[in-house]
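Colleague: These are the residues of each chain, in order.
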Amino acid sequence: MTWYAFYGALEQGFVFGLMVLGVYLTFRVLEFPDLTVDGSLPLGAAVTSVAITSGLHPVLALALAAGAGFLAGAVTGILNTKLRILHLLASILTMIALYSINIRIMGGRPNMALLGQDTVIDPIIALGIPPHMASWLLFGAIAVAAAGLLMWFLSTELGQAMLATGDNPQMVTALGVNTHSMIIFGVGLSNAMVAVSGGLVAQNQGAADANMGVGTIVAGLASVIVGETLLGVGPGRVKRAIVAAILGSVVYRLAIALALGLDIGGFSFAPSDLNLITALLVVLALTAPQIKSRFGLRRRAC
Amino acid sequence: MKRFIALTLLPVLGLLSAAPAMAQNQAKQTYTVSVTQIVEHPSLDAVRQGFMDEFKTLGLEAKYNVHSAQGNIATANQIASQMLGEEPDVVLAIATPTAQAAAQKIKNIPILITAVTDPVGAGLVKSLQAPGANITGMTDRSPVDRQLALIKEFVPGAKRLGIIYNAGEANSVTTFGQVKAEAAKLGWTVMPATVANSAGVTQAAKSLVGKADAIYVGTDNTVITALEAIIKVCQQNKLPLFSADNDSVKRGAVAALAVDYYRMGKQTAHMAKRILVDGATPATMPVEDLQELELYVNMGAAKAMGVNVPQAVLTRADKIIE
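Protein chains in written order, with this note's numbering: chain G, 1 to 302; chain A, 303 to 624.
In isolation and in its complexed conformation, chain A is listed as follows (with noise of 0.2 Å):
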């Protein structure tokens, strides 16, 4: 009986404690978001979760539609039909093909874009500064000048500096063009080598050696999938690899100067915050990027690839890898 009347009790009470907070603030209303992702990948997986965590530690409600196109564009279209009939109050689009399908069907819902490493380039926003319409978000751009004075660090006596990467990969042509204007400034000559698919990465490896005092490879699909391959390459030959992203320094490169996709999640679910509860909006909301990167060291990779480890790097690194 005790607990029938408890049980009565409760939700009388949680009503009327809950009412005037509704009145107050309208925080506690579920939202509805809707996720459309190009592919399963553990970088843009970890931006979704970043961005649901974040949501919750904010205190907000939500409910979640999740899509993935499994890397098929057509269906990214039809993801975004699909998301105007689930009438969301917020749509979040993770990568840029994903994004640009969104942008194009769905015009009077937020879009928040996130993991896209040229907004402007892909025709999302008008400018950085001011999108200009319903899209704002979130860029991944490698901060490729902070990634080359790290390299420099470890090879001050590099005068080239070789890149592996797929020229069919909007975000590495991107990464390359960025590459090539920050090696100017040091001086040094960058020495390209491309493949179309993860089977050619060893012979593109391979030809690096001897035109290459140490190789970096950007967050390009296609090359993060075969990175055994190239740092294979490098042991051999006594080149060091450094990465764009900290998963391929656990799996072998020397070192990583990376953006966080977690942490690029929940940077996102702020946005989402000023969006929904603040009311800001997107036309003048500026595309921002994650100031706060991580630095991964990988001791055995050192070793194998025959650089030392200077001390500057080890005192502020956030993981070392023995």
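Isolated chain G, as found in the complex (with noise of 0.2 Å):
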């Protein structure tokens, strides 16, 4: 792997993972399979878009993403709670709306170029920073600054009752919480951070794509549960939790550049074997720790 490989699955990794803490924050905090970010990292991704290239600072265009995921989240929200839809059909029927939704952001066209715009890695690489640095370091400040958040979110009384929601939603309504708008909120929160995601996926990538959020679940829940083995979380370990996910996000993208990365004739792998490539690495991160316990408990026997 050369460095700019590194750097650019560090720089991928950093840039979904405010995704990946999105989908912790549903998928394991509130227990709510949540396949809306399919949705609404593309969502992110048109608004920012649409709002760069009318004229909007690109911070503020992130600003505006993060609302309109919140609201796209509050919607998965919504149909599940008030309109009694199992979570999993609310989330796709609100992924589905949004790909029409999203062209129409974008003005009838399921393309829209950012090239040449102003973006927020621009003053960074002001400052004199090469641009395959700059923008992992910028999105790797965001991805610790945002997870930092989320720690401190999960530790105030309102974060706490969303724990609880996840954990035991009856004991939750006997101390009189509510849980229907703890869920609304939940998932509105974690596809805001999405949008926001896929805002500065486009930033980076020079364009918003509709098809660009296929897989984002995958992903999403890949880097958890990578992040989570390596790391050894078990449950109520809230911080640690959220580090993994990060964590996992980067390890997950060092696998897709160490699958890109093989020697394609000597090994006689396709290009087209990169999907299955990685799936394997993926497999072998989340079985490496108990292979190794295994051979530390065989040892310790001798």
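Honestly, the hints are just simulated from the structure, not real lab data.
Take the hints with a grain of salt, since some may be wrong.
Facing chain A, according to a computed beta carbon distance under 7 Å, are these residues of chain G, among others [said to hold, decoys possible]:
#, residue
1, Thr-2
2, Gly-107
3, Leu-115
4, Gln-170
5, Thr-173
6, Gln-205
7, Ile-225
8, Thr-229
9, Leu-274
Rough simulated footprint, nothing fancy, chain G against chain A, three-plus residues with beta-carbon under 8 Å [what the hints assert, rightly or not]:
#, segment
10, 373 to 382
11, 388 to 402
12, 418 to 425
13, 452 to 465
14, 471 to 483
The beta-carbon is built from N, C-alpha and C at its ideal position, and this holds for glycine as well.
Hints in hand, dock the two standalone chains.
Modeller: Following this line, the structure appears as structure tokens:
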């Protein structure tokens, strides 16, 4: 792997770090499998692109993306709680609706270019940092800040109530917390983070695309689970789980970088094997701690 | 022993004869070409193969790093970073999303884009005539005017043209705009039917029965995947179906006047040669399109869909499928 490829993996890991935090929040904290993310990621990208091309500051564009993502998540939450649609189905419905909405936001076009527009990365490059370093440094800082904010939020009274909503809804209701509002707010917050991630991806990639959300949930879940395995996160370890989510995101992208860098001619791997190799590498990351502990045990037995 | 002498002498002779040649022109060096492709797809694979074959025919040596993002835009971004580390002499970016990812990351290596429908709209070049930066290449914009003229030859009395496409595909939206504009010149009404996925294609085709005199499908990935569903509806209702690619004619569309992606790859290789050997700069090399089109006709499909094949079309067809 070249340094460029390594930095590229860091950059992708961090830029999708916010998305992974969002998936962690729904999947682990609220126990709500949320497929809205496949639509809210391009939603954030679409809103950001339209905002920037109409002259708004790139940071302000991200704030708008967060708002749009929150609304999308809240719709899923309302469909689930108020209209009593199964969470998985509710999120799928929002996701497919967002496909049409995203194209409408981009003025009827499925792809909106941002090449040559001002982005959040430009000021960092202006400091004299080379472009291939600037993006991962910035996205890394954003991911760390977001992780810190999420840790703080989950330690507040509201955050604690949200954790309890996922753990034991009956008990929380008995304590006078409205689980419906908690789910609507939580799924909204999650998708706000996913949409900001999408907005950053669009600024980094130079375009928003209606199809850019495909596979987001897969990447999100793989990152959460890989991170948990690597750090050995048990139940109730919130701070550790948040660090693991960011770590998992980076490791997942490193796995892809490794797969991309495999010598194609010598090993008779074709470029079309990329997904397969990535899946195998993720399986390896997932099982490595188990294998290690098994060997550890055996050594002790001898 | 003879063999030993031959084996030791050959490289020496080779070096002696190669040395002056190397001094004269640099065409004998091995170029590094990094290729990024959004997804495996017959047309896109054909572009890549055409490029590689023609590059060799031009007498150029190349070492290829071929990447496919397998349909994932995040991976396309990572491939762009990867290519930066490969330090290629030229980047070949096939299709719009991969071209955008490469353009954002790679600023001082020439990038050749190919199979991109709207390079200006995608933000890749300033204009088709003067791209302006390190990017130029080829567009696969369908020659819609010539394609509609062909439909008119088959169905002279047509007034309403149905078109089935996925509004989520950038290329198809561009094509739809072109079809509307060209159809207006012929005095035709355009009846659109959009689909979101391949499963909706049958329904879309049926919605055009009685509303259209002929159906046109562009190079839309979603629609082409489920082409058989449209063919069935068209045969049952005697509605002639025309496509923008020849593979669809083999499958059962009446006819197409199409861009040949293999030839597009070959023409892109010539652009690469101009950059690598002749020292041309992408900034001032106009984006090219393919002038040479191929005409395919499917006689069986014409019969099943109730149209006669005009003699003029038969005589100039590149391929007639019985």
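Colleague: Now tell me if each hint is right for this structure.
Modeller: Going down the list of hints, with the structure as the test:
1. Thr-2: holds (3 Å)
2. Gly-107: violated (11 Å)
3. Leu-115: This hint holds: Leu-115 (chain G) lies near chain A, its Cβ roughly 4 Å from the closest one there, short of 7 Å.
4. Gln-170: violated (40 Å)
5. Thr-173: At 39 Å from the nearest chain A Cβ, Thr-173 (chain G) fails the 7 Å test, so the hint is violated.
6. Gln-205: This interface hint holds because 5 Å falls under the 7 Å limit.
7. Ile-225: violated (18 Å)
8. Thr-229: Status violated, d = 21 Å.
9. Leu-274: Result: holds, 5 Å to nearest chain A Cβ.
10. 373 to 382: holds (count 10)
11. 388 to 402: holds (count 4)
12. 418 to 425: Holds, because 3 residues of the segment 418 to 425 of chain A bring their Cβ atoms closer than 8 Å to Cβ atoms of chain G.
13. 452 to 465: Result for this restraint: violated, n = 0.
14. 471 to 483: Satisfied; 3 residues make the cut.
Comparing the model with each earlier hint shows violations of hints 2, 4, 5, 7, 8 and 13; every other hint is respected.
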